[in-house]
Amino acid sequence: KQEVTQIPAALSVPEGENLVLNCSFTDSAIYNLQWFRQDPGKGLTSLLLIQSSQREQTSGRLNASLDKSSGRSTLYIAASQPGDSATYLCAVRTGNNRKLIWGLGTSLAVNP
Amino acid sequence: GAGVSQSPSNKVTEKGKDVELRCDPISGHTALYWYRQSLGQGLEFLIYFQGNSAPDKSGLPSDRFSAERTGGSVSTLTIQRTQQEDSAVYLCASSLEWTGGRGYTFGSGTRLTVV
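If you read the sequences in order, they're chains A and B.
According to the working numbering, numbering within the first sequence proceeds without interruption in unit steps and concludes at 551.
According to the working numbering, numbering within the second sequence proceeds without interruption in unit steps and concludes at 118.
One or more of the hints may lead you astray.
As the list claims (entries may be wrong) - Each computed SDA-like pair below joins lysine to any residue, with the alpha-carbon atoms no more than 25 Å apart:
#1 A:538 x B:10
#2 A:507 x B:116
#3 A:538 x B:88
#4 A:481 x B:11
#5 B:14 x B:58
#6 A:440 x B:44
#7 A:481 x B:58
#8 A:538 x B:20
#9 A:538 x B:114
#10 A:538 x B:30
#11 A:440 x B:19
#12 A:538 x B:68
#13 A:440 x B:48
#14 B:60 x A:537
#15 A:481 x B:66
#16 A:440 x B:53
#17 B:20 x B:87
#18 B:14 x A:476
#19 A:481 x B:56
#20 A:538 x B:83
#21 A:440 x B:10
To be verified - Selected chain A positions facing chain B (in silico; Cβ < 7 Å):
#22 481
#23 482
#24 485
#25 486
#26 488
#27 489
#28 492
#29 537
#30 538
#31 541
Hints in this document: simulated from the structure, not taken from any laboratory.
Glycine included, every Cβ here is placed at the ideal spot set by N, Cα and C.
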């Protein structure tokens, strides 16, 4: 059974810092992995999608890496801003199964 | 539409009543998913639609929960005889059969409170 864990559960940093959020999964036979952002009272925004054959994806200040063999993904945020404050969720899709398995998220606060 | 639309955004209901939650996916998206997010817990898969059929409804927690999709578009999640443990945010997402791109687009959710 696939399980997804995110560490840390919460993170508070001063503006401008580079930071790393971690996601681990127990079954390496994944189809893809996605990072999402969730703002209070709002839906989920897809940030980056990494296919199983890829090692990383980049979008602006965000970079996500994937190491299938070790069951890990990291989301790197460069030069953090207060507007980055949100909960970041990692989700994996396994094989032909359409559903996503989710971590509990990392709550990020970037302080001005 | 431009995005996934869910209604209502908030619903407070009395225990034992039935509720209907609506999801209007992005036009042309053939796949539609319902998830539930309870306080302090991760997102929980409920059901997946491909067109109007539901190949995977394994996540529906009990027979009080049902969902349908018509015209390959709008979906309705119905909860009968609501219980307090049904209180959660219900999220809908849609995707192309295979995007190879951003994957899934989520709506803003319906926050259900059973009192």
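Now the hints, each set against the structure:
1. For the hint linking residue 538 of chain A to residue 10 of chain B, the alpha-carbon distance of about 22 Å falls within 25 Å, and the restraint holds.
2. Pair hint residue 507 of chain A plus residue 116 of chain B does not hold up; C-alpha atoms about 39 Å apart against a cutoff of 25 Å.
3. With a CA separation close to 22 Å, the supplied pair residue 538 of chain A and residue 88 of chain B stays within the 25 Å bound.
4. With a CA separation close to 13 Å, the supplied pair residue 481 of chain A and residue 11 of chain B stays within the 25 Å bound.
5. A C-alpha spacing of about 28 Å is found between residue 14 of chain B and residue 58 of chain B, which places the hinted pair above 25 Å, so the restraint is violated.
6. A threshold of 25 Å between alpha carbons decides the hint, and for residue 440 of chain A with residue 44 of chain B the separation of about 17 Å falls inside it, so the pair holds.
7. Taking the CA atoms of residue 481 of chain A and residue 58 of chain B, the gap is near 28 Å; set against the 25 Å cutoff, the hint is violated.
8. This hinted pair does not check out: residue 538 of chain A and residue 20 of chain B have alpha carbons roughly 29 Å apart, beyond 25 Å.
9. At roughly 21 Å between alpha-carbon atoms, residue 538 of chain A and residue 114 of chain B fall within 25 Å of each other, so this suggested pair holds.
10. Taken as a hint, the residue 538 of chain A and residue 30 of chain B pair is honoured in the structure, with Cα atoms around 21 Å apart against an allowance of 25 Å.
11. Straight-line distance between C-alpha atoms of residue 440 of chain A and residue 19 of chain B comes to about 34 Å, which puts the hinted pair past the 25 Å bound.
12. For the given pair, residue 538 of chain A sits about 18 Å from residue 68 of chain B by alpha-carbon distance, which is consistent with the 25 Å threshold.
13. Distance restraint check for residue 440 of chain A and residue 48 of chain B: the Cα-Cα separation of roughly 14 Å lies within the 25 Å cut-off, and the hinted pair is therefore satisfied.
14. Of the supplied pair hints, the one linking residue 60 of chain B and residue 537 of chain A holds, its CA atoms being roughly 11 Å apart against a limit of 25 Å.
15. In summary, the hint linking residue 481 of chain A to residue 66 of chain B is not supported, as the alpha carbons are separated by about 29 Å, beyond the 25 Å threshold.
16. For the proposed pair residue 440 of chain A and residue 53 of chain B, the alpha carbon gap of about 24 Å is at most 25 Å, so the pair holds.
17. This hinted pair checks out: residue 20 of chain B and residue 87 of chain B have alpha carbons roughly 11 Å apart, not beyond 25 Å.
18. With a CA separation close to 24 Å, the supplied pair residue 14 of chain B and residue 476 of chain A stays within the 25 Å bound.
19. A threshold of 25 Å between alpha carbons decides the hint, and for residue 481 of chain A with residue 56 of chain B the separation of about 28 Å lies outside it, so the pair is violated.
20. A hinted pair counts as satisfied when its Cα atoms are at most 25 Å apart, and residue 538 of chain A with residue 83 of chain B qualifies at roughly 24 Å.
21. Straight-line distance between C-alpha atoms of residue 440 of chain A and residue 10 of chain B comes to about 33 Å, which puts the hinted pair past the 25 Å bound.
22. Taking 7 Å as the C-beta cut-off, the interface hint given for residue 481 of chain A holds, the closest approach to chain B being about 6 Å.
23. At about 4 Å, the closest approach between the beta carbon of residue 482 of chain A and any beta carbon in chain B falls short of 7 Å, and the interface hint on this residue holds.
24. At its closest, the beta carbon of residue 485 of chain A sits 5 Å from a beta carbon of chain B; the interface hint therefore holds under the 7 Å criterion.
25. The criterion of a C-beta within 7 Å of any C-beta in chain B is not met by residue 486 of chain A, whose closest approach is roughly 9 Å, and the hint is violated.
26. With its C-beta approaching chain B no nearer than about 5 Å, residue 488 of chain A sits inside the 7 Å limit, and its interface hint holds.
27. The interface hint given for residue 489 of chain A is violated, since its Cβ lies 10 Å from the closest Cβ of chain B, which is over the 7 Å cut-off.
28. A distance limit of 7 Å between C-beta atoms decides the matter here; for residue 492 of chain A the minimum to chain B is near 11 Å, and the interface restraint is violated.
29. The criterion of a C-beta within 7 Å of any C-beta in chain B is met by residue 537 of chain A, whose closest approach is roughly 5 Å, and the hint holds.
30. Because the smallest distance between the Cβ of residue 538 of chain A and any Cβ of chain B comes to about 4 Å, under 7 Å, the interface hint for this residue holds.
31. The interface hint given for residue 541 of chain A holds, since its Cβ lies 4 Å from the closest Cβ of chain B, which is under the 7 Å cut-off.
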